[in-house]
Each structure stands twice: as C-alpha cells, then as structure tokens.
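Student: The chain contents come next:
Number of protein chains: 2
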Amino acid sequence: MEESFQQIQDIGFPALIKKIKEYQGAIRKEIVSGIGDDAAVFKASGTDLLTTSSEIFLEGVHFDLTYSPLQHLGYKLTTAAVSDLYAMNSNPVQLLVNIAIPNKISVQMVEQFFNGVDTACKDYNIQLSGGDTTASHQILAVSMTAIGSVPKEDVIYRKGANDGDLICVTGDLGSALAGLRVLMREKKDWQESESDYFQPDLSEYEYVVQRQLMPHARKDVVEAFRKSKIKPTSMIDLSQGLLADLKSILVESGIGAEIYSPAVPISLETRKIADEMKEDVDKYAFYGGEDYEMLFTMNENDAGKLRSIFEDFTVVGKLISGQDKLLLNTGEGETVELDLK
Amino acid sequence: MEESFQQIQDIGFPALIKKIKEYQGAIRKEIVSGIGDDAAVFKASGTDLLTTSSEIFLEGVHFDLTYSPLQHLGYKLTTAAVSDLYAMNSNPVQLLVNIAIPNKISVQMVEQFFNGVDTACKDYNIQLSGGDTTASHQILAVSMTAIGSVPKEDVIYRKGANDGDLICVTGDLGSALAGLRVLMREKKDWQESESDYFQPDLSEYEYVVQRQLMPHARKDVVEAFRKSKIKPTSMIDLSQGLLADLKSILVESGIGAEIYSPAVPISLETRKIADEMKEDVDKYAFYGGEDYEMLFTMNENDAGKLRSIFEDFTVVGKLISGQDKLLLNTGEGETVELDLK
Numbered sequence: 001m002e003e004s005f006q007q008i009q010d011i012g013f014p015a016l017i018k019k020i021k022e023y024q025g026a027i028r029k030e031i032v033s034g035i036g037d038d039a040a041v042f043k044a045s046g047t048d049l050l051t052t053s054s055e056i057f058l059e060g061v062h063f064d065l066t067y068s069p070l071q072h073l074g075y076k077l078t079t080a081a082v083s084d085l086y087a088m089n090s091n092p093v094q095l096l097v098n099i100a101i102p103n104k105i106s107v108q109m110v111e112q113f114f115n116g117v118d119t120a121c122k123d124y125n126i127q128l129s130g131g132d133t134t135a136s137h138q139i140l141a142v143s144m145t146a147i148g149s150v151p152k153e154d155v156i157y158r159k160g161a162n163d164g165d166l167i168c169v170t171g172d173l174g175s176a177l178a179g180l181r182v183l184m185r186e187k188k189d190w191q192e193s194e195s196d197y198f199q200p201d202l203s204e205y206e207y208v209v210q211r212q213l214m215p216h217a218r219k220d221v222v223e224a225f226r227k228s229k230i231k232p233t234s235m236i237d238l239s240q241g242l243l244a245d246l247k248s249i250l251v252e253s254g255i256g257a258e259i260y261s262p263a264v265p266i267s268l269e270t271r272k273i274a275d276e277m278k279e280d281v282d283k284y285a286f287y288g289g290e291d292y293e294m295l296f297t298m299n300e301n302d303a304g305k306l307r308s309i310f311e312d313f314t315v316v317g318k319l320i321s322g323q324d325k326l327l328l329n330t331g332e333g334e335t336v337e338l339d340l341k
Numbered sequence: 001m002e003e004s005f006q007q008i009q010d011i012g013f014p015a016l017i018k019k020i021k022e023y024q025g026a027i028r029k030e031i032v033s034g035i036g037d038d039a040a041v042f043k044a045s046g047t048d049l050l051t052t053s054s055e056i057f058l059e060g061v062h063f064d065l066t067y068s069p070l071q072h073l074g075y076k077l078t079t080a081a082v083s084d085l086y087a088m089n090s091n092p093v094q095l096l097v098n099i100a101i102p103n104k105i106s107v108q109m110v111e112q113f114f115n116g117v118d119t120a121c122k123d124y125n126i127q128l129s130g131g132d133t134t135a136s137h138q139i140l141a142v143s144m145t146a147i148g149s150v151p152k153e154d155v156i157y158r159k160g161a162n163d164g165d166l167i168c169v170t171g172d173l174g175s176a177l178a179g180l181r182v183l184m185r186e187k188k189d190w191q192e193s194e195s196d197y198f199q200p201d202l203s204e205y206e207y208v209v210q211r212q213l214m215p216h217a218r219k220d221v222v223e224a225f226r227k228s229k230i231k232p233t234s235m236i237d238l239s240q241g242l243l244a245d246l247k248s249i250l251v252e253s254g255i256g257a258e259i260y261s262p263a264v265p266i267s268l269e270t271r272k273i274a275d276e277m278k279e280d281v282d283k284y285a286f287y288g289g290e291d292y293e294m295l296f297t298m299n300e301n302d303a304g305k306l307r308s309i310f311e312d313f314t315v316v317g318k319l320i321s322g323q324d325k326l327l328l329n330t331g332e333g334e335t336v337e338l339d340l341k
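Protein sequences, first through last, are from chains A and B.
Here the first sequence is numbered in my numbering, starting from 1 and rising by one per residue.
Here the second sequence is numbered in my numbering, starting from 1 and rising by one per residue.
Keep in mind that the hints were calculated from the coordinates and are not lab data.
Any given hint could turn out to be false.
Just so you know, same-sequence chains aren't split out, so a pair can sit in one copy or run between any two.
Once the Cα atoms are required to be at most 27 Å apart in a straight line, the calculated DSSO-like pairs of lysine-lysine come out as [stated by the list, open to error]:
hint: 1; residue 1: Lys152; residue 2: Lys29
hint: 2; residue 1: Lys227; residue 2: Lys104
hint: 3; residue 1: Lys318; residue 2: Lys19
hint: 4; residue 1: Lys43; residue 2: Lys219
hint: 5; residue 1: Lys229; residue 2: Lys187
hint: 6; residue 1: Lys152; residue 2: Lys43
hint: 7; residue 1: Lys219; residue 2: Lys318
hint: 8; residue 1: Lys104; residue 2: Lys283
hint: 9; residue 1: Lys29; residue 2: Lys43
hint: 10; residue 1: Lys159; residue 2: Lys43
hint: 11; residue 1: Lys104; residue 2: Lys18
hint: 12; residue 1: Lys29; residue 2: Lys283
hint: 13; residue 1: Lys187; residue 2: Lys122
hint: 14; residue 1: Lys152; residue 2: Lys188
hint: 15; residue 1: Lys187; residue 2: Lys18
hint: 16; residue 1: Lys43; residue 2: Lys318
hint: 17; residue 1: Lys227; residue 2: Lys43
hint: 18; residue 1: Lys231; residue 2: Lys187
hint: 19; residue 1: Lys272; residue 2: Lys29
hint: 20; residue 1: Lys188; residue 2: Lys122
hint: 21; residue 1: Lys19; residue 2: Lys325
Remember, predicted model here, so these are calculated numbers, not experimental data.
Start from the sequences, fold in the hints, and give me the full structure.
Tutor: Right under this line is the structure:
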C-alpha cells in the first residue's frame, strides 16, 4: 500500500496547525476559547477543584516508531495524560498537546497522530484546546497536559490510606509489558531477517499488543465510585508498575502493605508470553509499567457495594501498620519483606 | 572553578525529584496540592476565567547549551510560558515543568535550571506545582505549561482590533536576535580557536545578550492596564517577531495595518550589532523573535491615559480597513505593501 508523504516544510507550520485544529475531540462547554490564541480560555465551576497534570514522551525513550503506529501513539499518550486525572477521581476536561516533529515525519503522519488523540479525547470526553507545534532535529517529542475537575469532597490523593484498608486493582497487570516483549521480539526477528518491511503476525497476541500500543484509561471505575458514592481512601494509576506505584501510596500515607501474590490478576496471554520468554510472570505483574489500571485502597465495608455495580477489580492485599513496610505473601505459607528502596 | 558533576543515575530520579521540590517559586493560595501526586490540585475562583498555555523547547532547536547557562535557560523558558498568559491580560498562577534529561546533564545542572525557574516564578508570582522528570537519550527537552486567571471582562484575544486603533509595542525590538548574533559569533570564534574553554568577553554587549539569555515577561504592562482601567482591543506577545505576530492579530481580527517604520523602537546596542554584522537593523526589529515584548492595539483616546501611568510603550502604526493588508511606511515618503504569506 502506497501512502503519500508530504514534508511539513512543503506546507509550512501555519497550514499544519490549521489541519490539527480539525482534531479537537469532544466539545466541552468549559472551553471558552481553544486553539488559535496565546492561551486557551477555560471557565471553571466555582465549586469544583481543578486537577492539572503534564508529561513528556520522547521517541527512543518512551516509544519506538518501528512498531507504534502514530494513530495508536496519539491514543496512548492521551490515555497516559488523562489516567493521572482519573487517579485523582477527577474528570478530564481539557488537553494541551505539544509536538516537536523531525523531518522523517510527514504531514499525513502528524494527522494520524492527531486522529488518535481525537479518538481518545472523544472516548474520555475531553477537548483538545491548545498546545505547541514545532520542528525537531531528530526525534519526535510530545508533551501532554490534561486539566480536569472534581467536586472538592471527592478528590482522592496518594495519601489517606488507613490500616486495614483493602488494596485493589482494576483489570489485569503486566499485559502492557507482555505486549512490549512480543513487539521487541518481532522487531529483533525483523532486523535479523534484513527485510525491508516490518509486517509481524501478531494475531496470537492481540490482547497484550493492544494493551501496549493503545491502552485505555479507567474512566469506568471513576464513574462507578461516583455512582456508588464510594470514596477510596487513596488512589494512583499503574504507570510505573504495581510495586513502584504502591510504594508511592505507602510513602505518602505513612503505612505498610501485605500483598497476596496469587491474587494478583494476570491474563492467560501474559502467562503464555512469560513462559515463551522463560521469565517469571509475577515480575511482569509486579514491575511492568504502562498498564494504566487503577490501584486504590478502600475500607473493607465498601467492597461489596462497589462489586454490586462494578466487577472488574481484584483485592490483592491489605494495608498494615508499619511505615513503608511491604510484605509479599507467596501463597505457599511464605511471607517475604520487600525492600522498597 | 571546579564544579561537582554528579550523574543522575547515582542518586536516582526519586532523589532528584525531592531536590526539585525545593524550587517551587511563589506560594499561591490557589494551589491546594502541588508536586507529589498524580496531578496538582487547583482551586479556581468562581468568577475568573482560566488561561492555559503549553510549549515545548528542544536543545539544538530552541536553545544551545554552549552559551545558555542552565539557570538562565530555566528563567527564559518560564518567561516564554508566562508571557503567553500576560498576552491574554491574565495573571499566571501555576507552572508545570516537564524535563527530559540526557546523561551529560548533572544533578547540579538540573538544580541550576530549577533555580532559574524558581527565580522567574518568584518574579512572576507563580507556583511551580507539578510536571514530569524523565531520562532522555541525547538532547535536553523541556515543556512548560502555565495556568493563569483573569476577570472575565478583562480577557484580551488576538481578535477584537478595530479600524483606527493604534498599534503599540512595549520596550524595544530585535534585541534578542542581536544578542543571539553576538553569541553565535563568539561560539564560532571559540570553535575556530580550538580552545577547551568558552569564555567570551560580552561586556560590550551586555544588554542584548541578557535580552537573549534571560528575557523578562511584561508583567508591568498588564498591571498598568488593570490600574488605568484601559483594555486594549487585541494583544499578543512578541515571540515570533513583529510582522509574524502582527499578522496573527490581523488575521484573527480581519483587519489591515500600516506600520511607520521609523517609529519602531530599536536600542543603540542592537543598531551597533547590525552595523558590525553588515545587516539591516530593521530586519532585526521586524523579523527577530523571542523579544517577549507586548504588541497591543487600543483606541487612540486611551493612549494619553495609559502614558500617564506607564511610559515604556511606542505607537508604531495604526489599524486600517482591508483584511490582512499590511502597509509599511518607510518614513521617506514611500509606502510598500508587504506580502503576509
């Protein structure tokens, strides 16, 4: 399939920005003025709090264009940005996207990227309403800033977790890392084959590859909290990995945790890949990042009520006294203390 | 002078972030929770509008570490971020800084960068309250997001300029480009000398070099507008250059302009450098970017009132009917029409 490749310098940045303006995601009444001025203008509610989060992503560090289609990349980076707002129990409203574009990226590829951003913005009901578009010498660099709102009594921090609270995670863990392992293996095979085309057959690994390339943020769990009037005592999104992110909650809340290792949810496909790679699947679940699942703690009395309207979460442990202490119960009668450093 | 050089991997990102937390600029009551959670939490006033702006800056494209001390760079990029908020006639409140750091940048250099950010945040009364810190393979990349607030009747857009309005600029133009020319000449001399140390003598060019390395955003003019109860009809900050930025106002307002070339304010030092470089100084003033002066239009009846409390602005032309039409009066009886494309 032949694709057109138009250099950005052939049309110029003003014309490119005009094209980008077409991809604004969902229209939000809070956005008084979007792309096209020095700053976007936002009308906040007088009672809600605003949440603001910003991240930067570089080619070669955070993504690899060999196996990341630009449309998926736009979706994924938007997911990463809004996931932080859901982790505060807030609803995203506005997205600002900065993109620094090297010569190897065509006008069409930039449009694919923003097409992915647009799709994600519609899924998360958020308006793309500003940012910056500039040239880059070698690598594609993207920065995403998301702004959301939350009734002030609903905001959830990393601090606030109490002794005895249940530790819960949504979905399953380690899938994004499993997907990355598959993609890296395919890339290596391709490089060794010296072929011009990278056309991996990934049909067997569809679930984990999708989790790596185009993850979804857990808007649904935040909606379930609001609907059930349950407020977790602390929350964080799983971007670094279960242990690293749990550590942030423990440090901020000044508490310890015990994790029941066999309870940690892992998909069959992830297990299969760990087997193929001759690796320990628990490492995928404990240390794998980019799952964008939610890790939250709540009073054990709330578990049944939440379960009655939202099923996709698993209790993986509970909070215990002892600052920053992390015990891992292997399920075989053994409990080991993990070093949190 | 020997400086310590500590690799970031020697202390790790969590320890680095702990150091960065020390540099939070001015404390703002609006910031309920700053660095250290998934998102910062912001309490907006119920009546003001918020302004949000985000930009990305890459080493080798937007700055050169050969002659940009990191402290100055932190100050300059903060200036660039807040200048966009002043251009909306709003006051900055919150800054989010994303930084992707290559190996060649030490812990101490990162601290110098944030020291510059901190100084600028204090000058502009803004709180550094979030962002992202990550590794980079080769280049330093920074993204800055600024959030401000403005009473809803005070917000000024690029659109709104009317036939007959005066076109005004603060300060003098082309100085940042003149400073860049000096620094690039010194760098070339240094490279040709094959010396290990880059120790240029810039004392003769202090003003323009400072305008290039550590520009100040025009908080004072926005304060003067509020104090005098004058509201310009349109405004933009001069980041691209006089003609490019004026064009944005003309396009958005659907109007034309006539500029009196001899009225455009240019410093003596800038004139001296253009002479040394055998270049036309008007080109510095018309096309030079990064001045971070303000370009605004206002009803001619307001000029005297503004002048009585704020002197540092010059009337450089007026708006005329004729969409996007830009006439340049050379002051020698000649008027040329510029191509705005």
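Student: Is the C-alpha distance from Lys318 to Lys19 at most 27 Å within one copy, between copies, in both cases, or in neither?
Tutor: For Lys318 and Lys19, neither the intra-copy (50 Å) nor the inter-copy (32 Å) Cα distance is at most 27 Å.
Student: Is the C-alpha distance from Lys43 to Lys318 at most 27 Å within one copy, between copies, in both cases, or in neither?
Tutor: neither (40 Å within a copy, 33 Å between copies)
Student: If the cutoff is 27 Å on CA atoms, where do Lys19 and Lys325 land: within, between, both or neither? Let me know, please.
Tutor: Classified as between; 24 Å across copies, 52 Å inside a copy.
Student: As a check of your reading, is Lys227 near Lys104 (CA-CA no more than 27 Å) within one copy, between copies, both or neither?
Tutor: neither (47 Å within a copy, 50 Å between copies)
Student: One pair to classify: Lys231 and Lys187, alpha carbons no more than 27 Å apart. Within, between, both, or neither?
Tutor: neither (44 Å within a copy, 59 Å between copies)
Student: What label fits Lys219 with Lys318 when the C-alpha limit is 27 Å: within, between, both, or neither?
Tutor: within (24 Å within a copy, 51 Å between copies)
Student: Reference check for the pair Lys43 and Lys219, CA-CA at most 27 Å: within, between, both, or neither?
Tutor: both (23 Å within a copy, 23 Å between copies)
Student: At most 27 Å between alpha carbons: which applies to Lys229 and Lys187, within, between, both or neither?
Tutor: neither (47 Å within a copy, 63 Å between copies)
Student: How do Lys187 and Lys18 come out at 27 Å by Cα distance, when the copy is not named: within, between, both, or neither?
Tutor: neither (35 Å within a copy, 37 Å between copies)
Student: How would you classify Lys159 and Lys43 at a CA-CA limit of 27 Å: within, between, both, or neither?
Tutor: So Lys159 and Lys43 pass the 27 Å test across copies only (19 Å; inside, 29 Å).
Student: Given a CA cutoff of 27 Å, do Lys272 and Lys29 count as a within-copy pair, a between-copy pair, both, or neither?
Tutor: neither (46 Å within a copy, 52 Å between copies)
Student: Tell me, please, which holds for Lys152 and Lys43 at an alpha-carbon limit of 27 Å: within, between, both or neither?
Tutor: Both. Shortest intra-copy (17 Å) and inter-copy (9 Å) distances satisfy the 27 Å Cα cut-off.
Of the numbered hints stated above, those contradicted by the structure are hints 2, 3, 5, 8, 12, 13, 14, 15, 16, 18, 19 and 20, listed in ascending order.
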